[in-house]
Amino acid sequence: MTTLQQWADKVGREIHKRYFGKDEAIETILAALLCRGHILIEDKPGTGKTLLARSLASVVGGEFKSIQCTPDLLPADVLGVSVYNEEKEKFLFRKGPVVTNLLLVDEINRATPRTQSALLEAMAEGQISVEGKSLSLPDPFFMIATESSVETEGTFPLPEVQKDRFLLTLSLGYPGMEEERWIMKRPDEGEVLDRITGLEELKKRQEEVLEIHVDDKLRDYILSLIELTRSDVSLIMGVSPRGSLALYKTSQALAALRGRDYVTPGDIQTMIYPVLKKRILLKGSRYAGQTGEKEFIDGLLNRVSVPPIE
8 MTTLQQWADK VGREIHKRYF GKDEAIETIL AALLCRGHIL IEDKPGTGKT
58 LLARSLASVV GGEFKSIQCT PDLLPADVLG VSVYNEEKEK FLFRKGPVVT
108 NLLLVDEINR ATPRTQSALL EAMAEGQISV EGKSLSLPDP FFMIATESSV
158 ETEGTFPLPE VQKDRFLLTL SLGYPGMEEE RWIMKRPDEG EVLDRITGLE
208 ELKKRQEEVL EIHVDDKLRD YILSLIELTR SDVSLIMGVS PRGSLALYKT
258 SQALAALRGR DYVTPGDIQT MIYPVLKKRI LLKGSRYAGQ TGEKEFIDGL
308 LNRVSVPPIE
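Quick note: the sequence shown uses our numbering, first residue 8, plus one each step.
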């Protein structure tokens, strides 16, 4: 077991004290964290999205803040605002919750598009612009957003440009019977989890992921998969270069999490689902329903030959 794999195993075991099961979900979130990307957790209400995000925050070092989105939330509530200080007789900038290491944006699609857009620069550039000035965010900066189903009342669908800013999209689904039985008997949710890692160690693990080898044939495999999305008549929109880079990086992270220093075709095939889920826009009803994206991606994988890797 590699050092990075041991680190991930400790983090996962600690999270499981409050969030039982869903090993793949935890692995996917850790992959995003190691890639310095942001993750969107979407599902029906009550499936543990917020609990999982808060559990991760408890075991990862650094400052943690959360935003509970509502329709009356303003961009200034997220970014910060200048407040007049009577003693100093001048305006002082009060930083918003976005200025942190790990940010939980709960029910992001309950905020208005204006407020949602306030997060775009933070996600893409690691900085915010307030009152004509730019402010760099702490390093590392990692955002977890949760999203309720679009059918839920009082929600505002995320625009395509914002979906593309998320490295990965994760759906948790309902727990199995054994998992739900454990949930009924589990300790109080207020149980404090141990902090497993610090910021410097986390940044070291992020650097290690960059060293994971990707064969040239696998680079071509990724590009072939992405290129098909841009020419497929079933799609209104194909995958951007940001999407191909996301698939490349997350495949490296998954390989590292599984104790290897090289990427396999299986890593790419595993990560293609969370990477492309929000990046493909299907036409009409050919793939209608909740499984539409999965069916399309399954077909995509069947159309591209897996390269032989020695």
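A portion of the hints provided could be inaccurate.
What the hints assert, rightly or not - DEER-style ranges, computed between Cβ atoms:
hint	residue 1	residue 2	range
1	Lys301	Asp223	20 to 30 Å
2	Thr10	Glu94	49 to 59 Å
3	Asp227	Thr119	21 to 31 Å
To be clear, the hints were calculated from the coordinates, so they are not data collected in a lab. All residues carry an ideal CB built from backbone N, CA and C; glycine is no exception.
| said: If you test the structure against every hint from before, which numbers come out violated? | reply: Those not satisfied come down to hint 3.
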